[in-house]
Structure formats: C-alpha cells, structure tokens
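Chemist: So you can see what is in the structure, the chains are spelled out below.
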Amino acid sequence: MTMPRRRALFVAAVVIVVVAAVALYQVSRMRAPAPPAARLEIFSWWTTGGEEAGLLKLFELYRQQNPGVEIINATVAGGAGFEAKPALKARMLGGDPPDSFQVHMGRELIDTWVVTGYMEPLNDLYAQEGWEQVFPAGVLGLLRHEGSYWSVPVNIHRANVLWYNKRTFEENGWKPPETFDDFFALAEQMRAKGITPLALGDVGIWASVHLFEVVLAGVLGPDAYSGLWTGATDWNGPEVRRALEIMARMLTYVNPDHSALSWDQANDLVIQGRAGMTIMGDWVDADNLAKNFRDSGWAPPPGTRGVFVALSDTFGLPKNAPHRDQAIAWLRLVGSRAGQEAFNPVKGSICARNDCDPALFGPYLQSAMQDWARDRIVPSLAHGAAASESWVALINDVMSAFVSDRDVAKAQAALAKACVDARVCR
Amino acid sequence: MRSTSDRILAAALVAPSIAAVGLFVYGFIGWTVWVSLSNWSGLRPDLSWAGLSNYATLFANPRFHLDIRNTVVFTALLLAACMALGLGLALLLDRGVRGESVFRSIFFFPMAISFIVTGVAWRWLLAPGDPATGRITGVNVLLAQAGLPHLKWYTDHTVLYITPDSALGQVLAGMGLGFLTGPVFGVPVAMLSIVIAATWQMSGFVMALYLAGLRGFPEELREAARIDGAGEWQVYRHVILPYLRPVTLSALIILGHISLKIFDLVAAMSKRGPGFATDVPAYFMFETTFHADRFAEGAAIAVVMLVSVSVLIVPYLVGSMRRESAT
Chain V
1 MTMPRRRALF VAAVVIVVVA AVALYQVSRM RAPAPPAARL EIFSWWTTGG
51 EEAGLLKLFE LYRQQNPGVE IINATVAGGA GFEAKPALKA RMLGGDPPDS
101 FQVHMGRELI DTWVVTGYME PLNDLYAQEG WEQVFPAGVL GLLRHEGSYW
151 SVPVNIHRAN VLWYNKRTFE ENGWKPPETF DDFFALAEQM RAKGITPLAL
201 GDVGIWASVH LFEVVLAGVL GPDAYSGLWT GATDWNGPEV RRALEIMARM
251 LTYVNPDHSA LSWDQANDLV IQGRAGMTIM GDWVDADNLA KNFRDSGWAP
301 PPGTRGVFVA LSDTFGLPKN APHRDQAIAW LRLVGSRAGQ EAFNPVKGSI
351 CARNDCDPAL FGPYLQSAMQ DWARDRIVPS LAHGAAASES WVALINDVMS
401 AFVSDRDVAK AQAALAKACV DARVCR
Chain F
1001 MRSTSDRILA AALVAPSIAA VGLFVYGFIG WTVWVSLSNW SGLRPDLSWA
1051 GLSNYATLFA NPRFHLDIRN TVVFTALLLA ACMALGLGLA LLLDRGVRGE
1101 SVFRSIFFFP MAISFIVTGV AWRWLLAPGD PATGRITGVN VLLAQAGLPH
1151 LKWYTDHTVL YITPDSALGQ VLAGMGLGFL TGPVFGVPVA MLSIVIAATW
1201 QMSGFVMALY LAGLRGFPEE LREAARIDGA GEWQVYRHVI LPYLRPVTLS
1251 ALIILGHISL KIFDLVAAMS KRGPGFATDV PAYFMFETTF HADRFAEGAA
1301 IAVVMLVSVS VLIVPYLVGS MRRESAT
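Read top to bottom, the protein sequences are chains V and F.
The end of the first sequence is residue 426 by our numbering, with every number in the run present.
The end of the second sequence is residue 1327 by our numbering, with every number in the run present.
Next comes chain F alone, as it looks inside the complex (with noise of 0.2 Å):
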C-alpha cells in the first residue's frame, strides 16, 4: 500500500510530461484540426469557420485520388517485401552462421540512417539515363551487362491497372465493379523503386524484431515438437511462427504508420513524380501548405493522414490495453 506523499511525489514526477504531451502532441492535433476547418488561404491566419469544404475540395482533387491509390500500394508493397525479407534474413541468422554479430550489423545498419540520406543513395543508384544516347549509370549499368532491358524506375509513368475492354474488366463490370478498372486503382510502376529504397532500409529492423523474438523461443518446445516427430519444417511452421505473431503485430504497426506517413524519402528520391506516381499524401500537403499558401486544405491532408495512421493504431493500442489489465 502505497502512502499519499509517494502518490504525489509520484504525480510531480510525470507531471511536466503530462503537460508538455498535452499542449505539443494533443493541443497541436486539435489545432490543426481546427484549421482545417477555417478558411486559411494565403499567408495572414484566417480561422473563419468554413465546416468542411476544405475536405470537400480535398477529396475532389484527383492528385488526392492517386496519392491515396500511392499510399496502398506503397504500404502494401513495403509491409510485404519488409516482412518476407526481415523474417528470412532472422531465420538464417538463427540456424547459427559464424561470424553472426557481423551479419547482424550489416543488416541493421540501413536503419541508422535518415530516409533523405537512403533517398539521395537510391536517385543514384537507380537513375534512369537515357538509352538512345548510351548514357547508363547506376543499377542500370549491371541491367545492361546482364543483358537485361533498361530500365526507367522511379521517372517510369506507366500504371498497370484493368482496363474495362480486358477480359477481367468486362467480368469486374458484370459484377457492378466496373469503377474498380481505371488507373486510379492500379499500381504505379514509378512506385517499385520508392519501396526498393525503403525495404532496403527498414527490412534490416524487421530482422532485429524478429531474432530477438527467435532468441527467447524456449529450445525446450522446439526439442518436445521434435520428439512429437515434427520435421524442421512443421517445427517453423507450426511452433516457431506461431510463437512469432506478436513480433508480427509490432512490425506490422511499426511499418504501417511509418509508411502511411512518408515524407522524406519520396521528396529525396522523385517528389511527385511523373503523372503523380510517386506522390504522397504528406508530399502534398507539404506542397500544398508552403507552396501555394492553403493552410485549411493542407491540415485538412495532416487531419486524413492522422486518422489513416490511427486505424491502424488505434485497435492495436485498445488490444494491447486489454491484455495488461487481463494479467
């Protein structure tokens, strides 16, 4: 049982941080959301009401439309590529290779580094040159010695989507999902080379997450699993894996919301890129903000970004919750 002067002692101690949070994280989400409710257009702070045109306009805005489609794809693509990479990368470490902690490193250390500084490599690395005068640099170099065809990365426009001719297109129709064909749900070739960068940089901590997850798997289930007579395989499938889904649930959000957020490798690397294909909700409230003076429209962007990233928090948070009061 604690004594009353402990409980204050106690409050004095978080006190300050309590306040801070409150005015710099809450008091400026509230502040945002309130401008995005005014009329602010232009450099002098106007916050007349405007209720929700701002959104309005917003979800109007066919950039809007690609950056939305920019930010499925880019998070559908990274959390796969980061997941399947980081997971096997930790189960190879884990069969005991010599010279571990060399490894480890290695892979790790992408991660240390800022998004712009993995954008400015990756430009380079990836330029796109120009085929008919012969001028080949970067990745390109070892496409073109292998043989292979140039090709146009990051400045590449095509977007592969289902026309309404195809054949799948006619089906989609058939079942009243004709709006699904068009390029606003397809998939920005522009966008691989942006989830190249930023697997490279972030596969390497899914790899951290998931060897120290390996590391404290009890050796005493995997030996009782071996004697029930499970092959090395079942062993992984079927005991390890499992054991594995929290480290799964962490990377997951921690993946999400970085990637529902990015910003800094997408302005190093190709901004908006051609025809929007590389454009970010955060690229363009940027623009949209500094550029052309539309505070409302912009923090109308930030408030839709924050509740894209609070879905996906927000029921991790609540079941995380629920789990401490439960023990």
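Just chain V, same shape as in the assembly (with noise of 0.2 Å):
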C-alpha cells in the first residue's frame, strides 16, 4: 500500500471516530433534557370513550389548580390494562418511573409493586385529607399493606352486571335471569328466536375470566368466593366443579366469533338485537352512553344478588418520581370530592368516596351507588383486586384452555395447582 492512500485512510478514521464522539455526545445531551420547572406525567390505559374523557376532565382540574404546570399524558390503549402493564414494567424496572401511574386496588397494587419496594408511602397524605373517614373500610383494607397506604382510589367499577337490551326482552316478555337455572331457559328462548344468548369479547382471555369470576360468585356466594382468594375455599371442592360446569354449558350459548372480538364490540351485538345478554363490567354504560344507546337493562346476573364484585383504580407514588410534588398536587385531586365528581359521571363509575351527590350521576351508576352501600363487596379476580398478577396469569391460561375444551376436571385441577403455584394454598 502506497503513503497517501494509507496516510487518506489514517484520516478517514480519524474523520470517523470524531463524527462518532460528537454524534454519542450529542445523543447523550438529548436523553438528559433539563427537567422544566413544571411537569406532571400521567400513565394510564384510558384511551377510549368515556375513559378519555374522564382522564382529561382531571387533567382540566389540574391545570386550573395548578397554572404553568405542563401534563403530559402517557397512555398505552387496551383493555383491563393488558398492553399498558408491560410497558409500565419496562419503565419501572429501567429506573424511568412516571410521576404516578394507574393500578388496580388491591393484590396487583400490593403484590406488584408495594412489596417488590417500588412505592412511597401515603399516609400523610391521607392524614392531611381526611381520607380515612371518606373512603370506606373495605376499600381502605384493599389500598394498606403494613400498616400504611399506597395508592389513591378515584373509583369503584361493578364486575357483575347483567346487561341487556330492554327492546328485545320487551317484545318477547322476557325478564332477566335470577337463577342459573332461569338464565339457560332463557337462553334457549332466545337460540330459538335467532338471537345469540351471551354475547362475549375475549380476544384479551380476560374476559373470559371475568366471566368465571362472575360464575364463581354466583355459585359459591359471597363468603366462599371470597375464601378462594385466602385458601380457605377448596379450589378441589365440588362448588368449584359446579362453577365449571356452569361456564362450560354457558360457553355453548355465547357467540362463535367470540375469540375474535373485544369486549365493546361484544356488547355492540346486544346492543344492534344480535345478542340477548352480555355479563361485563359496569363500563358497559359509559360504552352504552357512548354510542347512544338507551334502551339498557341492567341486573345482576344469576347468583349474585346481594353481591358487588369490585376493582378500583387508584394512582399512586412512585419512587423517584421525577416530578413528585407536581404528583402529590395530582394525587390531591384524585381523591378529593370535586376531581371524583368530575371523573366518575364521565367514566361511567362511582366515586371511591361516600359523600359525592348521587344528582350528578345518570340512571345505572344511581343503582350502582345504591348497591355499593347495600351490597356485600368482594374482590374482582380479572381486575387485580382478588389475586396477583402471576395467579391471574396462571388462571388466564387455564381459561384459555377451558373455552376450547371444556374439560371440567382437567380445569379444575388446574385452577388447584394454580392457587398452590401463587403460594396460597398447600
């Protein structure tokens, strides 16, 4: 090799390796802004409908609380949280918290993140609000863990609601199911009609779940479900197997493209006369008022009148926050009653306090407030309230393959190993 052409390459390197330390420093500077004075990130799942509209009701609040503050509004859409979870996680675990995030109420609050050492404290704060005397007891047994408080509920959905569309059962005289029993009769009425039964949405398996969950409280009532969550049910006893039979003899009676749909485009079948009944959570009206659509009944499904099968979401603290009296500002109000007033109604559920004017409320979330300080309340298994993510993990997986076989005893003695696997039970 000749000098220049070596003496051109020797340049060439040098050329290269200094574009490289400019170009390295320059991304770096990019990564490491300046924080601005006043930030607030907000991290949900609330992307749709009602959700979104309540979300930014809050943030309007916030702003008028607190000029100059700049929100930025981190949303990851789907269903029950289901792709948002992860993408927390990966925030989490990379030392890149939000300044407060949405998490269900709790074993997914405590399991996930208050044990694993993720979260501050609150109970100052719940000491300058007042908010031991607000929230009720059995939501504030959910949000402690040691002693202290970790997360700020700003409402309460119903799990087991019945909906249907009141046309369609005024013009055959149909009511909606008390009993199991009822409800297949009915069921048959229907298939014979040409309206599918149940109509169901389950390409996230939640769904799926959370019809189970309902079928669980149904079935074995109040206290025995509850039991499940603590190991003092018998996941082998023959309630469970009853429970299974009923959701497999359901599943015959829902709607063949179920995998394929989501919950809303499911409730879009009861909705257009398609489908009789749909078992969903009380978002339904939110979706419902939505699209417009009037004629909604609601009831409690078979077994769990009496019953309020509930989740919360809560926003909580993180450590290192990067913003975190900015997030102490939101968090405020988020519990307050005037943030709860403006949520709730738009997002269709009821505040997580007692003192909200039910006035503000339309129709179905009046009988929900009703309920909610009638009823017996037990936690939500598909929504994060009853067990930890990974004994909902294991329990998605046995559904999923429960809604394609239907094997009873296979499922059950799944569900068994499950409880064992989460530790709870021996």
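Note that these hints are calculated values from the structure, not bench results.
C-beta atoms are modelled at their ideal positions from N, C-alpha and C, and glycine is treated no differently.
You may find that some hints are simply not true.
DEER-style ranges, computed between Cβ atoms [to be verified]:
no.: 1; chain 1: V; residue 1: 245; chain 2: F; residue 2: 1052; range: 34 to 44 Å
no.: 2; chain 1: F; residue 1: 1145; chain 2: V; residue 2: 242; range: 44 to 54 Å
no.: 3; chain 1: V; residue 1: 8; chain 2: F; residue 2: 1052; range: 51 to 61 Å
Computed footprint of chain V on chain F; a stretch qualifies when at least three of its residues, placed anywhere within it, have a C-beta under 8 Å from a C-beta of chain V [to be verified]:
no.: 4; region: 1008-1021
no.: 5; region: 1040-1053
no.: 6; region: 1198-1209
no.: 7; region: 1212-1218
no.: 8; region: 1267-1276
no.: 9; region: 1291-1297
Assembly of the complex is requested from the two constituent chains, each provided in isolation within its own frame, with the hints serving as guidance.
Modeler: As structure tokens, then:
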C-alpha cells in the first residue's frame, strides 16, 4: 500500500472517530434534557370514549389548580391494561418511572409494586386530606399493607353486571334471569328466536376470566368466593366444579366469533339486538352512553344479587418520581370530592368516596351507588383486586384452554395447582 | 504483505463494533442464560441459583407443549408455502413477462411492511364473523358469494390429529408409537390463517432471491442443455434447480429463523388463540415475563428459542465457513 493511500485511510479513521464522538455527545445531551420546572406525567390505559373523557376532565381541573404545569398524558391502549402493564413494568425496571400511574386496587397494587419496594407510602397525604373518614373500610383495607396506604382510589367499578337490550326483552316478554336455571331457560328461548343468548368478546382472555369470576361468585356466594383468594375455600371442592360446569354450559350459548372480538364489540351485538345479554363490568354503561344507546337494561347476574364484585382504579406515587411535588398535587386532586365528581359521571363509574352527589350521575350509576352502600363487597379476580398478577396469569392460561376444550376435571385440577403455585394454597 | 500499521489500523476500525456486539449481543445472551438459571420471580431481581428448575417447570407445562407443536406446524407450512410460491413466481417472471419490474415490485412490496401491519390487515380480512346473525365480513363475504362455507379462520379451535381409536392410530400403537396420537401431535386449524398472512408477506422475498439466482444463471448452460436434447422441463429439473440450491438453502435459513421466533404477527392477529391454537413460544415468553413477572421462566423460554434457532443456523454457518476457507 502506498503512503498517500495509507494516510488517506488514517485521516478517514480519525474523521469517523471524531464524528462518532460528537454524535454520541449530542445523543447523550438529547437523552438527558434539563428538566423543565413544572411537569406532570400520568401513565394510564384510558384511551377509549368515556375513559379518556374522564381523564381529560381531571387534567382540566388540575390545570386550573396548578397553572403552568405541563401535563404529559402517557397512555397505552388496551382493555384492563393488558398492553399497558408490560410497558409500565419496562419503564419502572429501567429506572424511568412516570410521576404517577394507574394501578388496580388490591393484590395487583400490593404484590406487584408495594412488597417489591417501588412505591412511597402516602400516610401523610391520607392524614392531611382526612381520607380515612371518606373512603369505605373495605376499600381502605385493600389499599393498606403493613400499616401504610399506598395509592389513592379514584373510582369503583362493579364487575358483576348482566346487560341486556330492554327492547328485545320487552318484545318477547322476557325477564332478566335470577338463577342459573332461569338463565339457561332464557338462553334456549333466545336461541329459538335466532338471537345469540350471551355476547362474549375475549380476544384479551381476561373477558372469559371475568365471566368465570362472576359465575364463581354466583355459585359460591360471597363468603366462599372470597375464601378462594385466601386459601380458605377448597379449589378441589364441588362448588368450583359446579361453577366450571355452568361456565362450560354458558360457553355453548356465546357468539362463535368470541375469540376475535373485544368486550365493546361484544356489547355492540347486544346494542344491535343480535345478542340478548352480555356479562361485563359497568364500563358498559359508559360505552352505551357514548354509542347513544338508551334501551340498556341491567341486573345482577344469576346468583349475585346482594353481592358487589368490586374493582378500583387507583393512582400511586412511585419512588424517584421525577416531579414529586406535582405528583402529590395530582393525588390530592384524584382523592378529592371535586376530582371524583368530575371524573366518575363521565368515566361511567362511581366515586370511591362516600360523599359524592348522586344527582350528578345517570340512572345506572345511581343504582350502583345504592348497591355499593348496601351489598356485600368482594374483590374482582380479572381486575387485580383478588389475586396477584402472576396468579391471574396462571388462571388466564387455565381459562384459555377451558374455553376451547371445556374439560371440567382438567381445569379444576389446573386451578387448584395455580393456587398452590401462587403460594396461597398448600 | 501488509505492514504492522495497517494491521493496527484495521484492528482499531473493527474494535468498536466487536466490543458493541460482544456486549449487546453475547453479553445479553449470557445474562439471559444466567437469569434463566435463577429464582427471579416478581419485579425485584433475585439471581439466586435455581439450577435447571425453570426448564423443568417449562417442559412440564402443557401450554409449552402446544407452543412447540404450533411452532413446528407454522414453520413447516410457512417454508413449504413460501418456497413453492416464491419459486413459482420467480420462474414465471423469468419467462420474460412484459412490465416485469411492475410485477416484481408488487410481489416484493409486502416485504417492506412490518408484521404488525400485516397482522392487523389480515385480522380484518379473515375476521370470522357470525353466520348465525349474518354478520359476515372480509374474505368470508367472497366465500359466501361463491357459495362456499363460512370459515372461522383464526378463531377455529379445531386441532386435526390422529385419534387412538382410528385405524392409523391403532397401527401407530402397534408400532409402539402410540404417543403420537393426541392433539399435541396435531395441526391446529387456526394456525393456517397465520400461515396465510405470513406467506403473503414473505413469498415475495423468496421470489426476489430466486429471481436474482436465475438472472445469474449462464445462458450458455441452458443452450448447452437444449443442444443435448433436454426439453424445457428437463432443463429446469436437471440444470437450473440444482444450480439454485444455495439460494434455496439461504431462503430456508432466513425464513426458518423468522418463523421460529415469530411474535409480532401472532400478537397482532390472534394472540394465543382459542385453546392456545396460535400461541407461540415468543408470545408465551412475553406473557410469562411481562404479565406474570416470572422473569426466570421467561428467560428459560428465550433460551430454548435461541437453541432452536441455533440448531438451524449453526450448521449453515459452519458449512459456509468451511466453504470460504476452502477457496
């Protein structure tokens, strides 16, 4: 190789190294921007219809109370947080927490984030705001771990609601079923009319787990149902077998394309009169309102009158939140009466506080408020209140197989094993 | 003969990329293997030694058995479909069609699209609908108009397998192969829709590989074969196809490793599918790690996937290295 060529190569190498160094420096500057004085990043999975509208109401109030704070709306779409939770975990493990994030009350909050040491306790905030007086005892118990409170509930949802199309029911003289026998008798009549009896949309498997938890609550009753999550009720017992048998029979009455639909697409079938009923949480009410559907009827699913299967969305304070002061102001708003009264009528849920004005809510939500005050409260499985996320994942797997093979004995054995694997049963 | 300073310069130029690959590829592979041998379950890292227990749990999990079945079925069907279609298209285009570049672009274009987009589009096209209520969309509209039965596509939970009572099943049992009867050795029908979408995406790529191979084929050889009295079919069968063997091998390797670690297409189209009919190891790994927080078990799935891809790739790499050093 001649000298000039070698020199040219050397110069080229030097140029490459210098350019790379400059580029790296620039990139590192871009990665670590000077933090602006006032920002607030809120992570949630509220992206559809009433969910997003409710979130924006909260943001509006927040801007009024905290002018000059820039709000970053970090949402990841997907029912029940199915897509959002992995994204959040990646951020938290990577040391990049949002200022506050949506998390279900109960085992999901405690087992995923609190016992692992990712959250800050909120006892001072609870004392300052007097929240121990306004949140019901059952809710406080699900937010407490080792004597501290770990997040602020913004709403209460009911998981066990049977939604139906009033027009279809009136035309045919049908009544919402009280018992499982009623349910199957009615389902036969619907099928004879060419109507799909039960609409299901379980493209995210949580919707069939949701249906199963409602059946479990209906068959076992509130005490035995709650015992499932503490190990007091035997997963190998005859009640669980009966619940699986009923679930298997129910699955013979669902729309054949259920594994291609989402819960709201399943609700569309009821709205259009193509399906008679759907069993889903009370976010269906907000979906109906957004779709301008006025003929929606509701009732407790078979066997669950007087039982309120509850879940709640809460916001907590991660350790090392980049804008801690703004995050605390956000939590104050989320727990306040003004915040909850602005949020819940739009989101289609009831207040976690017990002092909200019922007149602000629509007819369904008013009935839910009455039931909330009167019914037995039990935690939802599919929505993180009853069991840890890893246990829910095991039950999701059992249900995935069960929905297609409907093998009761196999599913029961797998459920019992899941309880052992979750270190709740022995 | 190269001078010392040349060698130093060369080493300096490749050193950064060797360091980067060493850390970000091999370092993280090592880290994943380590995690797969630990007790890490829950968000807090726990790297205490667990030995092979995560692998034992994994191979005892019926869901993972179905995942392996699905991967084998998907890979076999995808390779067969893409190779046949890609070679067919390439041979047709090579016959000198008018406007060849237009067709080439059309067939190659899907390759430029992300699997996520392909998955979403085919999810709509193959939407199963509900024949009971007459809500029919997508491809099923065409089927209905042609008087063909309505298909469930990726929501079909049927698995085609040999039952122990069937004649074939009894023959197998007689040969001591009775374990082959049962759904774990079956073909899930729902997987066919994923294969259709993936074939749509990848066959144009195979076509492009073959077309490049055909273009490199010396015309004199073809002429020589003809002079020797070979018909058109014989020219293809005995001259051109053997000549294309390296192309075939490359295409198989590339498609094979894509299909063994497919994730995005399945996630966008059907996720786990009814009864895990379209579940694949990559999707199971994603759920195990990021939904269930069983990080050690998720890492074990990742390692099993890496090994399965290596089984395909390593012999190919060794072979091509031998060939290079021979020349």
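Chemist: Decide, hint by hint, whether the structure agrees.
Modeler: A quick look at each hint next to the structure:
1. V/245 x F/1052: 34 to 44 Å: holds (39 Å)
2. F/1145 x V/242: 44 to 54 Å: At 46 Å between Cβs, range holds.
3. V/8 x F/1052: 51 to 61 Å: Taking Cβ atoms as reference, residue 8 of chain V and residue 1052 of chain F lie about 55 Å apart, which means the hint holds.
4. 1008-1021: n = 4 at 8 Å, threshold three: holds.
5. 1040-1053: holds (count 4)
6. 1198-1209: violated (count 0)
7. 1212-1218: violated (count 0)
8. 1267-1276: It holds, with 7 qualifying residues against the three required.
9. 1291-1297: Satisfied; 4 residues make the cut.
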